[in-house]
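Asker: On the provided structure of chain X, position chain W as indicated by the hints.
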Amino acid sequence: MKVSINWLKTYIDKPLETMQLDELFTTKSQEVESYQALVNATDLVVGHVKVCERHPDADKLSVCDVDVGSNVLQIICGAPNVKQGQFVIVALPGAELPGGLKIKKSTIRGVESSGMICSLIELGIESKYHYETGIHVIKDSVKAGEDALSALGFKDHVLALDLTPNRGDLLSVLGVAYDVAAMLDLPVEEKTFHVKETSTLNPMDISTDTEDCLSYYGRIIDNLTIKESPSWMKARLIGAGVRPINNVVDITNYVMIELGQPLHAFDFDLLGSEKIVVRNAKKNETFLTLDDKTRSLTEEDIVITNGEKAVALGGVMGGAETEVTEKTTSILLESAVFNNEKIRKTSHRLDLRSESSMRFERGVDPVRTKKALDMATSLFIDYANATVRKGISYFDNTSHSPKPLELSLSKINSVLGSEYSLDYVSDILRRLGFEHTIKQDTYLIEVPSRRFDVLTYQDMIEEIGRISGYDTLPSTLPSTISVGKLTPYQQFKRRIRQSLTGLGLHEVITYALRDADSVYDYTRSNHIKAVSVMHPMTELRETLSLTPINGLLDVVRYNVSRKLDTVHIFEIGKHYQPSKETEVLGIAMQGIYHDYSWQTTPEMNFFTLKGIFEALLKRFSIENVYYEKVSLKNYHPHQTALIKHEDRVIGHIGKIHPEEAKRLDLKDVYVLDVDIEILYELSEPIKRYQPLGKYPSVSRDLAIVCDESILAQHLIDTIKSHTDSRLKQVRIFDYYVGEHIEEGKKSLALRLQFEDPQKTLETKDIDFVIERIVKALKTHHDAVLR
Amino acid sequence: MNIQETLKQLEDALRKDLEGVKTIEALQDIKAKYLGKKAELSLLMRHMKDLPNNEKPAFGQTINQAKQAFAKTIEAQRNRIEEALLNKKLEKETIDVTMTSPDFSQGTAHLLNQIIDEIEDLFIGMGYLVKEGPEVESDERNFEMLNLPKNHPARDMQDSFYVSEDTLLRTHTSPVQVRTMLEYGGQKPVKIICPGKVYRRDDDDATHSHQFMQIEGLVVDQNTSMSDLKGTLLAIAQTMFGKDRQIRLRPSYFPFTEPSVEVDVTCSKCDGEGCAMCKQTGYIEILGAGMVHDNVLKMSGYDPEIYQGFAFGVGVERLAMLKYGIDDIRHFYINDLRFNKQFK
Numbered sequence: 001m002k003v004s005i006n007w008l009k010t011y012i013d014k015p016l017e018t019m020q021l022d023e024l025f026t027t028k029s030q031e032v033e034s035y036q037a038l039v040n041a042t043d044l045v046v047g048h049v050k051v052c053e054r055h056p057d058a059d060k061l062s063v064c065d066v067d068v069g070s071n072v073l074q075i076i077c078g079a080p081n082v083k084q085g086q087f088v089i090v091a092l093p094g095a096e097l098p099g100g101l102k103i104k105k106s107t108i109r110g111v112e113s114s115g116m117i118c119s120l121i122e123l124g125i126e127s128k129y130h131y132e133t134g135i136h137v138i139k140d141s142v143k144a145g146e147d148a149l150s151a152l153g154f155k156d157h158v159l160a161l162d163l164t165p166n167r168g169d170l171l172s173v174l175g176v177a178y179d180v181a182a183m184l185d186l187p188v189e190e191k192t193f194h195v196k197e198t199s200t201l202n203p204m205d206i207s208t209d210t211e212d213c214l215s216y217y218g219r220i221i222d223n224l225t226i227k228e229s230p231s232w233m234k235a236r237l238i239g240a241g242v243r244p245i246n247n248v249v250d251i252t253n254y255v256m257i258e259l260g261q262p263l264h265a266f267d268f269d270l271l272g273s274e275k276i277v278v279r280n281a282k283k284n285e286t287f288l289t290l291d292d293k294t295r296s297l298t299e300e301d302i303v304i305t306n307g308e309k310a311v312a313l314g315g316v317m318g319g320a321e322t323e324v325t326e327k328t329t330s331i332l333l334e335s336a337v338f339n340n341e342k343i344r345k346t347s348h349r350l351d352l353r354s355e356s357s358m359r360f361e362r363g364v365d366p367v368r369t370k371k372a373l374d375m376a377t378s379l380f381i382d383y384a385n386a387t388v389r390k391g392i393s394y395f396d397n398t399s400h401s402p403k404p405l406e407l408s409l410s411k412i413n414s415v416l417g418s419e420y421s422l423d424y425v426s427d428i429l430r431r432l433g434f435e436h437t438i439k440q441d442t443y444l445i446e447v448p449s450r451r452f453d454v455l456t457y458q459d460m461i462e463e464i465g466r467i468s469g470y471d472t473l474p475s476t477l478p479s480t481i482s483v484g485k486l487t488p489y490q491q492f493k494r495r496i497r498q499s500l501t502g503l504g505l506h507e508v509i510t511y512a513l514r515d516a517d518s519v520y521d522y523t524r525s526n527h528i529k530a531v532s533v534m535h536p537m538t539e540l541r542e543t544l545s546l547t548p549i550n551g552l553l554d555v556v557r558y559n560v561s562r563k564l565d566t567v568h569i570f571e572i573g574k575h576y577q578p579s580k581e582t583e584v585l586g587i588a589m590q591g592i593y594h595d596y597s598w599q600t601t602p603e604m605n606f607f608t609l610k611g612i613f614e615a616l617l618k619r620f621s622i623e624n625v626y627y628e629k630v631s632l633k634n635y636h637p638h639q640t641a642l643i644k645h646e647d648r649v650i651g652h653i654g655k656i657h658p659e660e661a662k663r664l665d666l667k668d669v670y671v672l673d674v675d676i677e678i679l680y681e682l683s684e685p686i687k688r689y690q691p692l693g694k695y696p697s698v699s700r701d702l703a704i705v706c707d708e709s710i711l712a713q714h715l716i717d718t719i720k721s722h723t724d725s726r727l728k729q730v731r732i733f734d735y736y737v738g739e740h741i742e743e744g745k746k747s748l749a750l751r752l753q754f755e756d757p758q759k760t761l762e763t764k765d766i767d768f769v770i771e772r773i774v775k776a777l778k779t780h781h782d783a784v785l786r
Numbered sequence: 001m002n003i004q005e006t007l008k009q010l011e012d013a014l015r016k017d018l019e020g021v022k023t024i025e026a027l028q029d030i031k032a033k034y035l036g037k038k039a040e041l042s043l044l045m046r047h048m049k050d051l052p053n054n055e056k057p058a059f060g061q062t063i064n065q066a067k068q069a070f071a072k073t074i075e076a077q078r079n080r081i082e083e084a085l086l087n088k089k090l091e092k093e094t095i096d097v098t099m100t101s102p103d104f105s106q107g108t109a110h111l112l113n114q115i116i117d118e119i120e121d122l123f124i125g126m127g128y129l130v131k132e133g134p135e136v137e138s139d140e141r142n143f144e145m146l147n148l149p150k151n152h153p154a155r156d157m158q159d160s161f162y163v164s165e166d167t168l169l170r171t172h173t174s175p176v177q178v179r180t181m182l183e184y185g186g187q188k189p190v191k192i193i194c195p196g197k198v199y200r201r202d203d204d205d206a207t208h209s210h211q212f213m214q215i216e217g218l219v220v221d222q223n224t225s226m227s228d229l230k231g232t233l234l235a236i237a238q239t240m241f242g243k244d245r246q247i248r249l250r251p252s253y254f255p256f257t258e259p260s261v262e263v264d265v266t267c268s269k270c271d272g273e274g275c276a277m278c279k280q281t282g283y284i285e286i287l288g289a290g291m292v293h294d295n296v297l298k299m300s301g302y303d304p305e306i307y308q309g310f311a312f313g314v315g316v317e318r319l320a321m322l323k324y325g326i327d328d329i330r331h332f333y334i335n336d337l338r339f340n341k342q343f344k
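Protein sequences appear in the order of chains X and W. 1 is the number of the first residue of the first sequence in the numbering used here; add one for each residue after it. 1 is the number of the first residue of the second sequence in the numbering used here; add one for each residue after it.
So that you can see chain X by itself, here it is in the shape it has in the complex (with noise of 0.2 Å):
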């Protein structure tokens, strides 16, 4: 909503230029979007063009006399239209133009020229609120050397709010004063129209059909002269960001912007009809709109018809068939309430949304239906020559009078924290205009039908609060008591987060909607369902991820494609299924990890990644988690594991096939994903101290030579199911095929800790135990020692 100050100031009679009304606004009522001068230009006079003539030198320009009240100047005009005998706006000597430009006497060939003839454009006015390319020429009536901003209306500043829906109030100059006169405590003093009537009665026959059109008046008026609108109308509905047009659409449009009451002018000769009847449009009917459009209506559509047929779309656009025209001379003139949910859902529908629409839309003050009708006849009266038929025809179903509510100064204090006074509220609701009694602690309110936004105690409290101001209130704390922390699940996670960190991997974050084919490229299963969103903005964006993997591998792509060679990076992202939603940690790695610099760096390899992971198994005290291989789309079908712990996969590992690393511009990446709901449920508290053994462990090396298809966790699983609980760890740290070994044979050397809570461990002990493994070894592997 813009408003222009002079109009504010129709209603509130006060320099408000000087009263800060955007800070006022910020603080106490809407975002301002924008405040400040209509025009911004100095030394601007009316100039009266007494001579015109070719420039000696120039064919395009014109030399010319200019009357500016105080002297005549002369002025060179590069503009076509210019004429003698019209009145101009003349930038002095000495003047500043929007943009900064400066006006000097300057010598336009060899011709002297003190001043310049200005176009609107000059002036700041854009183009799209008129129609001039040349010089702007003064219809109205005005004196040489007047100040030319004044005469046009445009010495004026505009105030531009950003509304919150809910306060379709301000779509009106005099809401917006109303607003104003709270804030400030000033007095709103509201207008009164009368209407000079001829003895010819008002023919119309007016009703409705539907509930959906609450009140309707209409006036008929005729022998309308169609002209240009007054300077100063056309330069406030500018202000409000309203194209002038003509004196029959401009003045419904200034009546609507000060009033907030939409208006629609219909042309009486070609109404067709004494009547108008409104009905919900019927299925299947279709209209043609002013724009020359023919739209298909439902029955939620509300039109107006002649009885016959449809004229308009209430509340939203006219007909194309009773357009007002240049040739029109009568015109029925409606002024309507209707629902406004209604006009909302075919507004939208048929994108046909405007000034009038969206006052609909918001509301509008019944109170005002009757007066914005009079408001512009009387303008008709005198801006457009016209006469009025005796009467209105009108029916109103709406209430006019206020609407009751209660409310206690202790719910008041309650809500807010504040400690007012009953004299405070009270003073606060006057400024507001809403007449109250008090009984005991308690208002009873007459909300006035203006304020239709404000309809319950809380609306209610929220506009004591803000008149009063929110920068008076305390600043306290609740004084609930309460307990706060983390779940230990939310803990869990920061702690994975944490030993992340800790090992040198970067936490990303990335969008969880992909393009819906490649959700499936890294995950371990294909059965499971993706969810995806009906509208999506583009095809890049419109599934659910199904692994963190897809995100993981654009941040390596990304990181990669701008050199850099080691990318490490996890994120705690989603697997995103219908009703499902769980929590998951992926890892990505590219690249060594921890750089030695110039000592040997170990090489990065499925292992790098397993071992941080198992890092994570430890600090959560996992046990019984164990690895197969498999075969997955996508990933090297010999370096990737699904990650289980008693038969139910929780996880998988691996290498991205080199097929597909190359396609991603990758080379060796590693990536997980495990269920981190499942990590949660399988780590242990430390529920109890264990006393530190007392006695030293011994530990012995054991080589062995098998077959290289044997897995290590099968040679592991059989030492530990033939020792006992004193084999505390077995260690492989010696691996070897080539010369010296059989072929399809391999070499391990394992190392295997003992420890005895009783007593110090003997050779004798541990041999017996060797000689067990040793023998379970060749049993189940056929492994021997080497």
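Incorrect hints may have been included.
[Claimed, not checked] 27 Å max Cα-Cα, derived DSSO-like pairs, lysine-lysine:
(1) X:Lys227 to X:Lys390
(2) X:Lys618 to X:Lys633
(3) X:Lys327 to X:Lys390
(4) W:Lys197 to X:Lys580
(5) W:Lys67 to X:Lys283
(6) X:Lys485 to W:Lys243
(7) X:Lys345 to X:Lys370
(8) W:Lys344 to X:Lys493
(9) X:Lys139 to X:Lys155
(10) X:Lys282 to W:Lys150
(11) X:Lys485 to W:Lys344
(12) W:Lys56 to W:Lys88
(13) W:Lys269 to X:Lys28
(14) X:Lys563 to X:Lys618
(15) W:Lys269 to X:Lys493
(16) X:Lys493 to W:Lys341
(17) X:Lys493 to W:Lys197
(18) X:Lys775 to X:Lys728
(19) X:Lys655 to X:Lys687
(20) X:Lys275 to X:Lys196
(21) X:Lys439 to X:Lys403
(22) X:Lys629 to X:Lys745
(23) X:Lys309 to X:Lys2
(24) X:Lys563 to W:Lys341
(25) X:Lys580 to W:Lys323
(26) X:Lys655 to W:Lys341
(27) W:Lys243 to X:Lys28
(28) X:Lys411 to W:Lys188
(29) W:Lys341 to X:Lys667
(30) W:Lys243 to W:Lys344
(31) W:Lys298 to X:Lys411
Hints listed in this document are in silico derivations from the structure and should not be mistaken for laboratory results. Bear in mind that the values here come from a model prediction, so they are computed numbers and not experimental data.
Answerer: Only chain W this time, still in chain X's reference frame:
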């Protein structure tokens, strides 16, 4: 020549011999020469029997003292030799301490999660619980139960991704508030914050993202007030932007709160004086908040006659961008590691 002079001569000879001894072997020879059985000192001892009895003890003592002194002198030399040998050995182990070391850098938590952690910790300290919920939500919990019935004009403000007629990607984390109130059955006070991902139909550009992070807060009790909201928001502002920050509440509109406010914080760059960052206003908008609408309480099982509350919602990206002067919201989702690594 008396005995003292003889000993003095011997000691001088020993010191002379020890000079320049570099090896333990050579030292051993000298030791044998002066302290061995055939050493002069041992030979002197033999003269004792020729002495009168009354002189014998003093003579013996003198010789023994000299023995000890010789041994000490030799030991001292041994220490010097060993030290020199060790030093020589260590010198061979010299390294260039300015050579580069292995890179054991820690990783970084994502900036958005760092901010979420920081705000969670602030609120946990004030007695709040952290609640999370699904990102695919029902229209009912995302809109209807927040006083946004179908066709409500304010739904335009939150254009959303529907996955079916009645399910969508949540447009805010408020449905978690609804879930919590329902879980509590309208019976006990609520004090929660809800962080998480949300989605809106925005084209991604420098200031818009179709996916972003939000933290919402909700307190419901019998006397929770707007002043409590103000104090709580001040705590956020001062935690995020410094203890000298002040806040300003401006009237606004959200369907789920009434009164509703936008919250500005005094610009940390110019301290409220007005600068380019705050567009000369001295303030920067950081979040929206308000007192919970009665309809929201009612629909989630709380009796508005008894309970009232406040709610707020803050965009995590916005906080991060303001705090660190980040100019493009896409940085958070592209994860150029040169960006991520700046926030340790």
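Asker: In ascending order, which of the hints set out earlier in this document are inconsistent with the structure?
Answerer: 2, 5, 12, 14, 15, 19, 23 and 25
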